[in-house]
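Residue numbers (the working numbering), protein chains in the order written: chain A, 3 to 282; chain B, 1352 to 1589.
It should be emphasised that the hints constitute simulated quantities derived from the structure, not laboratory data. Don't take each hint at face value.
Residues from chain A that face chain B, not an exhaustive set, calculated with beta carbons under 7 Å [stated by the list, open to error]:
1) Glu12
2) Ser17
3) Leu41
4) Asn42
5) Leu44
6) Gly82
7) Leu117
Here are some chain B residues the structure puts well away from chain A; computed CB gaps all over 10 Å [as the list claims (entries may be wrong)]:
8) Val1433
9) Phe1482
10) Asp1527
Between beta-carbon pairs, the in silico distance windows are [claimed, not checked]:
11) A:Thr24 <-> B:Asp1490: 31 to 39 Å
12) A:Asp192 <-> B:Gly1394: 31 to 39 Å
13) B:Arg1387 <-> A:Tyr206: 42 to 50 Å
Note that the Cβ used here is the ideal one computed from N, Cα and C, for glycine as well.
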Amino acid sequence: MTDATPAADELFSASRVEPLGTYLRSLWQRRDYIIQAPLNELRVEQANTVLGNVWLILNPALQVGVYFLVFGLIIDARRGVDDYIVFLTIGVFTFFFSQRVILKCAGSIQQSVGLIRAMRFPRAVLPLGTIVGGVIAFVPAFGVMLVVTLSYGNLPTLRWLTLPGIFAIQVIFTAGAGFLVARMNHLYGDLENTLPFVFRLFFYLSGVLYSVDRYVEDETFRRLFAFNPFYDYLSMWRWALLDIETSSTVWIGGTVWAVVAIVGGFSVFRAAEGNYGRAS
Amino acid sequence: MAALAIKCQDVHIEYLIRGHRRGIRDTLRGAKPHERTVHAVRGVDLEIERGESVGIIGPNGSGKSTLLRSIAGLLPATRGNVLVSSMPALLGVNAVLRPRLTGRRNIMIGLLAQGVSMAEAEQQAPGIVEFAELDEFIDLPMATYSSGMRARLHFAIATAVTPDILLIDEALAVGDKWFKERSAQRLEQHRANAGTIVLVSHNLGEIERSCSRVVWLERGKIVQMGPTSEVIASYEAS
Chain A
3 MTDATPAADE LFSASRVEPL GTYLRSLWQR RDYIIQAPLN ELRVEQANTV LGNVWLILNP
63 ALQVGVYFLV FGLIIDARRG VDDYIVFLTI GVFTFFFSQR VILKCAGSIQ QSVGLIRAMR
123 FPRAVLPLGT IVGGVIAFVP AFGVMLVVTL SYGNLPTLRW LTLPGIFAIQ VIFTAGAGFL
183 VARMNHLYGD LENTLPFVFR LFFYLSGVLY SVDRYVEDET FRRLFAFNPF YDYLSMWRWA
243 LLDIETSSTV WIGGTVWAVV AIVGGFSVFR AAEGNYGRAS
Chain B
1352 MAALAIKCQD VHIEYLIRGH RRGIRDTLRG AKPHERTVHA VRGVDLEIER GESVGIIGPN
1412 GSGKSTLLRS IAGLLPATRG NVLVSSMPAL LGVNAVLRPR LTGRRNIMIG LLAQGVSMAE
1472 AEQQAPGIVE FAELDEFIDL PMATYSSGMR ARLHFAIATA VTPDILLIDE ALAVGDKWFK
1532 ERSAQRLEQH RANAGTIVLV SHNLGEIERS CSRVVWLERG KIVQMGPTSE VIASYEAS
């Protein structure tokens, strides 16, 4: 070097991973993207259907119809539940919210590979956009859920005030799980084939269709259900909307799961930040 | 000496190619998958200053694109260092942003992903639409675009935000004559603002038009590096 340029000091490694603070700040800087991208996605998602985004409500509503037919009428699983259809609606709608978002997160990297290879941005905006999209898509379903609840004579109580909090905890858990599967599915595409079965299992283990308190008689066995985050969130929703009492372990379990998922999922996702553009 | 924008120190890049996916039976037998390590870049030393425009030439498979991807931070070097003064943007020929969205929406998404705010993006969008010259196609899904149209839109988006370092991998080759002239102009402008450009191309005319210095790569090594006319002359003679 002939003159005293600080050139060498200003340079940094092209493949460096930004420190957490910088990373979070550049995520915040892209908040407009995180909201706009899923809105655009929602616009084109049902482009070739007649009913368009009405499917966002119709899909879970039809699911409720099918389960009501089979488990409400043919096999009587209503034991110990007063308004089975409301019970079912809350279960199906909130469970499928998480399922839908997590499955979409799994594909969020592959879907945007063009964007990833062309531009530098914190990759976490991709699953985040998917999560925000899921929340937006849930709004009408949430409305339907409330209408169904009200129309069966379940009037608002003070417990309804906790609904935003319950939803927030579930969203945080879902986001954490979404980050995790986004990374895992990028590593092993096999995951996308496996996830539907994992969700199937959780669907039956979370008491979406039946009251765990009534059907699982063994006390210790029933306590194990609190380790299932989906069961925790379902119980919270039903506690708030249907006054179905639940144990404190559900609240502790659900909150712990949310914190563990978001911290763990985000860290796991960010650890591979530099690799998402690779051809695999 | 001006400040450096890119510095490659003895860069080696290797990657693994799997002949075909390892079958479950092979896995159970404990057989090694059919793999081959490709040593695509073998010890490249290169310094590029701010405001410089450098072309990279060489036959197919000489490691040009691999080197560029590594400068873009998409492919970590196996050995050596790739240092940059700011995060580069890479323009590739196959870039499809969001195929199902219209060109106009892709512009917004592209800008927002690069950290532009919604308000600014709305301000910049008309200029980009104009530069891309896609006319009525701008409101059709990007999946319906020809490769030249895609390249045009992509170039317009990437240069609107003007990253300090712009890496171009054959992205201009598919454009028509008119677009090539306009993009060359914009690159000229970019360089005048102390922006740095690295251009990979098989089109020597394009390199001559836009680059002051040329790096000739062959089998992952630099054969010759120097003023454009000199290097191109010996490249053509080889």
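Now for the hints, and whether the structure bears them out:
1. Hint on Glu12 of chain A holds. Least Cβ distance to chain B is approximately 5 Å, under the 7 Å limit.
2. Hint status for Ser17 of chain A relative to chain B: holds, with the closest Cβ pair at about 4 Å, below 7 Å.
3. For Leu41 of chain A, the interface hint is violated, the least distance from its beta-carbon to any beta-carbon of chain B being 10 Å, above 7 Å.
4. The criterion of a C-beta within 7 Å of any C-beta in chain B is met by Asn42 of chain A, whose closest approach is roughly 5 Å, and the hint holds.
5. The interface hint given for Leu44 of chain A is violated, since its Cβ lies 11 Å from the closest Cβ of chain B, which is over the 7 Å cut-off.
6. At about 46 Å, the closest approach between the beta carbon of Gly82 of chain A and any beta carbon in chain B exceeds 7 Å, and the interface hint on this residue is violated.
7. Interface restraint check: Leu117 of chain A against chain B, minimum CB-CB distance 6 Å, threshold 7 Å, status holds.
8. Annotated as non-interface, Val1433 of chain B brings its C-beta within 10 Å of a C-beta of chain A; the closest such distance is 4 Å.
9. Every CB of chain A lies more than 10 Å from the CB of Phe1482 of chain B, the least distance being 17 Å, so the non-interface label holds.
10. Against the 10 Å criterion, Asp1527 of chain B stays outside the reach of chain A, whose nearest CB is about 21 Å from its own CB.
11. For the hinted restraint 31 to 39 Å between Thr24 of chain A and Asp1490 of chain B, the CB-CB distance of approximately 37 Å keeps it satisfied.
12. About 37 Å separates the C-beta atoms of Asp192 of chain A and Gly1394 of chain B, a value consistent with the hinted range of 31 to 39 Å.
13. Roughly 46 Å separates the CB atoms of Arg1387 of chain B and Tyr206 of chain A, a value that falls within the hinted 42 to 50 Å.
Comparing the model with each numbered hint stated earlier shows that hints 3, 5, 6 and 8 do not hold.
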